[in-house]
Amino acid sequence: MILVFSLMGSLIASAMLFVFPFAVLAYFFAPPPFNLRIDNPQTLPVIVAFVVVSIVGKHLIEKVRRERNVALEAAARLRRGEAELRDREKQWREIFEHNPVMHFMVNATGMVLNVNTFGATQLGYAPSELVGHSVLKVFLEEDRPFVRERVGLCIETVGQSHTWEIQKIRKDGSVLWVRENAKAMQWAEDKLVVLIACEDITERKRTETALRRSEAHLAQAQELSRTGSFGWNVATGEVYWSKETFRIFQYDPSTKPTPQLVVDRTHPEDRAAVRETIDRAFQNEEDFEHEYRLLMPDGSVKHLHALARAIRTASGDIEFVGAVTDITAAKQAEQQLRRSEAYLAEAQHLSHTGSWSWDVHRREFVYRSAENDRLFGFDPQEALSIETIRSRIHPDDLPRLQEVPRQAIEDKGGHFEYDFRILLPDGAIRRIHSVAHAVVGSDGKVSELIGTHMDVTEQHAARERLERALAALRESEQRFRDYAETASDWLWETGPDHRITRISEHTSAAILTTKVVGLLRWEIAHDVETEPEKWRQHRATIDARLPFRDFIYRTVTQMGSTIYVRTSGKPFFDADGNFLGYRGVSTDITATIRADQAERELRKAQAELAHVTRVTTLGELTTSIAHEINQPLAAIVTNGEACLGWLGRETPDLSAARRSVEWIIEDGIRASEVIRRIRALAKKGEIEMVPLDVNDIVKEVIALVTRELVSHQVSLRTELTPALPLILGDRVQLQQVITNLVMNGIEAMQTVSDRPRELVIRSSHDDMGRVHLAVADCGVGITEDDADRVFNPFFTTKSSGLGMGLSICRSIVEAHGGSLSIARKQEPGATFQFVLPLHKEVVS
Amino acid sequence: MTGRSDLPHQDVKAEKPSGRAIVFVIDDDVSIRRSLSNLFQSVNLDVAAFGSAQEMLQGDLPEVASCLVLDVRLPGLSGLELQTELAKLNLHIPIIFITGHGDIPMSVKAMKGGAVDFLTKPYRDQELLDAVVAATERDRKRREVEKTVANLQSLYDTLSSREQAVMKLVAAGLMNKQVAAELELAEITVKIYRGRVMKKMGARTLADLIRMAETLGICANHPE
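Line order of the protein sequences matches chains A and B. All residue numbers for the first sequence refer to our numbering, where the first residue is 1 and numbers rise by one. All residue numbers for the second sequence refer to our numbering, where the first residue is 1001 and numbers rise by one.
Think of the hints as simulated: they come from the structure by calculation, not from any bench. Be careful, since some hints might not be right.
Ranges of calculated distance between the beta carbons of each label pair, as one might list FRET restraints [as the list claims (entries may be wrong)]:
id: 1; chain 1: B; residue 1: Thr1120; chain 2: A; residue 2: Val612; range: 30 to 36 Å
id: 2; chain 1: B; residue 1: Thr1120; chain 2: A; residue 2: Thr751; range: 24 to 30 Å
id: 3; chain 1: B; residue 1: Gln1126; chain 2: A; residue 2: Glu827; range: 49 to 55 Å
Which chain B residues stay away from chain A? Per the calculated CB distances, all over 12 Å, these [stated by the list, open to error]:
id: 4; residue: Ile1104
id: 5; residue: Ser1107
id: 6; residue: Leu1152
id: 7; residue: Leu1216
id: 8; residue: Gly1217
For every residue, glycine included, the Cβ atom is placed at its ideal position computed from N, Cα and C.
Using the sequences provided together with the hints, build the complete structure.
Right under this line is the structure:
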C-alpha cells in the first residue's frame, strides 16, 4: 500500500496510510496505542523489515520518477532553443559589443583573443590595438604576476568563475579599478579560453576606500575617545551598537543589543534615573543627554556620558542616534582635579599663597584664586580695574611693581620675582613675595602672566625679628670678638722640641712679630738676657715636662712696641704616653702691667704729695714745733741751773738736786719725743698699714698742735669714745689727716671774736663697727658752693697754703677704705668727719 | 693742762720767812712751770705756780713784794689779757713776760702795759733771776711808795677842802698873795690855811709839802 502511494507521489499520504493500519489495528486490538505491546516477539523483526523495505522502496520509486521528469524537461527545452539560437547569437553579439561591461577573451597565455568595444574604449584603446596582444599590457607592472596566476587558476578550474578586483592602466596611463569576473571555458575543439568581464569600480572603490578610512577613523576615534555610538529605533525596537559601545558596556559584540542591556549594566543607584531618562525620551520623542555609572562585572565603576538625538526616519519612526562616552578617566581626572583644587585652595589658604593669571592684552585678571582675593581683600565676585588693584598696593612699591612685569613682558617670558606691600583699607600692611612667569602666546608675544602672591608678612616680621636677633647676636659676637681680641688671649701649641707649631690666628699677626711658628719661646722673648734666671727656671720646667702657669715675659710687637705676655701651658702626650709638646694660652698683659705700674706711680705720687703737704704743714707748724722743742729744752736748762743752785748752797740740797736732774731727764725725753714725731711726719717713708686706735692718733696730734691752739686762743674739747675698735691704717698719714683738720679748724676760727673759739674732736664707732672721727670748729663755716669744692686740689680760702690739704686728706682716707666728708650742723662753723672701716682681722 | 698745778714743791709759801718776796709763775707747760719753780726756790725765792691766769686770779694775792713770770701765749686768758685784767684790779704786780715768739708788737704792748721785762726764749736763767729780783725790788719800792702815799693821803684827807685847795696852789709854787687872789681870800687867811696845812701834813718845810703834793699827784697843772 505504501508503495502504491509512493507511486502516487505522495510520501506524506503514504506515511499516513502506513500509520493508519496500525492505528486501526490498535483500535481494534486493545490495548490502546500507548500501551502498544507486541505479544509475539517473533513478529517484531517481520514488522520492522516490512517497514524498512516499504520506505526504501518508496524512495527509489520517487527518485526514478524525478529523474525522468528532468530528462523530459531538458529535452523539451533543447528543442525549443534550437529554433531561437541563431537570433540569439546575433543578439548576444550586440550585447557583447555594447555591454557596458568590459569583456575580454584571452587564451591560456593571456593573449587577447577578443575584446568588446566598450572594454577597449574604456581603456582608451581600439579593440584592434588589444587583440593579439598580451592582456598584461593593461595591468600595472606589479599586478601582472597576479593576473597570470589568476588566468592560470581559471584554466585549471575550467567552468568555475573567479572574481577579483584589480587596477588597470589606460592607454593614457591613468588607472581605473575594475572588478573582474573570469571563467575558463572550452572554446571550440580543445582550446581553453578565459572569459573576463570587467566592471569599472573606480568610483565605488574610491567611496569604499573613503568609507573604510572614515570607518576606521571613526572606530579609532571611538576607541580613542572611548565613545561608542548607538542607534535605537523605538518603533521596531531595533538597536544598533558600535564596536566601542560593546566594549564600553563589556558585552560580546555578537550579543544582540537591547535597551535592557544598558539598564542591566547601570549602577544600581543610577538605574532609576537612567530608566526615567529613557522613558521620558521615549514618551516625548526628544533628545536626551545624561550621565550615569555602570557597575561592571568585575565590580569596577564606569562613568558614562550619553547623548542622543531623536531623529525621525523616512518611515516616520522615531530613532534615537547617539553617542555614549566613557568619561571614567575624565571623571576621575575631574575628581582629582577638584580634589587637587581643593588641596590647592587649602594649601594656598594655609600658606597664604594666592595664584593669579593676568591677561596682558586685556589688562585684567583671567584667574584669581580665592586666597589671592583674600590677600588683597577683594570680593571674589568683584571685577577689578587696574585702579582698584593699584589702590591696594603700597605707593612706595607701585613703581617697582609696574616695572618688574613690564620688564618681564619686554624680555618675553621667563621667571621673575618681586616683593611688594599690600595696603589694606583698614591700614594693615601685608608683605607679599610674588613669583611669576610670562607666558608667550602663539604670536610670539607675552600674552599672559601667571604667578603667585605669597603673604610673607609673618615671615617678614619673623625675619625682622631674626635680623634683629642676628644683629644683636652679631653685635654680641663682635663684642665678644672685641673682648677676645682686646683680651688678646691666644692659644698656642708647641712640639716636642718646644718650637711653636700652632697659634690661634687673630692675635698672632697683630700682637706678635711676624712669624712665630717654628720659633722657641725664648727666641720670641726680649728679656732672656736681662732675666736669665727666670728663663733658666722656665726651661727647666718645660724640660721636665711640667705644666707652667702665668709665666710672664717681654717681647715686642710688629709695631715695635714692647708688650708683656703672660703664658700658661700644659704638656700633652699621645696614647702611648709620648711627649708631644705643650698646649697653652697666652695673654697680652701689657695693659695690666702698665696699669700696675701706673697705679704704683700714682700711689707713689700720692704719697709724695702727702709727704709734701705734710712737710708744708710742718712748715706752717714751725713755730709750734719750735715751741714744742724749746719748751722741754728750756725746762732742761732751767732745771740744770736750779740743780746747780741746790748744790751750790752752803748745805747742798741733794734731794732737790736729784729731783732737778730727774726732771731734766724727763724733759729731755719729751724733747726727743717731739723730734721723733716731727721726723716721722717729715719722713718720706713707705706706707705702713698696721692696726691702730684712732684715739691714740688723736692724742698724738693734739700733742703736736697744742701750741697752735694756744697761740690762736682756741680751746680744744675732746670727746673720745673709749675702747674703739682697731682700724688698719698708716699712723703718719692718719695723723696728717687729723692735724690738717685741726689746723683748718683753728684757721677758720681766726676771725671769731664774739664767741669762744672752741674746737671739738670727737671719736665714735657705729653699729657696723666703723670708726668715725669728727673735727668740729665754730669758725666761719663753709659756704654751700665751697662745700662741693673743698676737696678739690688747690682749693683754698687761705691767703697762704697749697690748697692740697683736704684733697690729700680725702685720698688718704679713701686709700684706707674710708670716706671723708663735711657734716652739716646748725651752729656756726664746720664739721669734717671721716669714717674708717674696721680692721678685718680684728673682726674675725 | 688747765688744772691747777699739783706739783709737790709748788707751794713754797710755807717755808718762806715772812716779808720775803714771792714769785708768781703762770705757764701751761708743766715742764716749764716746774723748772721755773725749781729755779726760783733754789735761790730762796718763794714761788706760786699756776697753769693759767684764771687760776691765779681765783686766789688772794699776798701783800708782799712779788712779781709775775708769765708766758705771753697762755690757754684761755692770754698773758696780755691778764696784764690788762690785773691793771683793772689795780694790782700793780710787776710782770716779766716770757715768750717763745718774741714778736715786737706784742713786746711793745706788754711793756706799755707795765711789764718790767720781756724775755725771749731761750733766755739765760740768770737773766730771768735778775729780772725777777729787779722786779721784786721794784715792787717792794712801789709798795713802800704806796704806803707813803697812803699815809699822805690820809693826812691829806684830814684837810678841809679850802685847805686842800691852798695846798695845791702852794705846792704849785704860788705866793700867798697869788693864792689869796686865786681863791679870792685875804692874804692873811691864806697864811692861816697854809700854817694849818703844814701842820696837818707834818711838813716841816715848803719843799716837804711840795714833794708831798707831788707824791699825792695833786700838783695842779696851773695854766700859767
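Against the structure, the hints:
no., hint, verdict
1, Thr1120/B <-> Val612/A: 30 to 36 Å, "holds (32 Å)"
2, Thr1120/B <-> Thr751/A: 24 to 30 Å, "holds (28 Å)"
3, Gln1126/B <-> Glu827/A: 49 to 55 Å, "holds (50 Å)"
4, Ile1104, "holds (15 Å)"
5, Ser1107, "holds (15 Å)"
6, Leu1152, "holds (41 Å)"
7, Leu1216, "holds (40 Å)"
8, Gly1217, "holds (36 Å)"
Consistency with the previously given hints is maintained throughout, with no hint failing.
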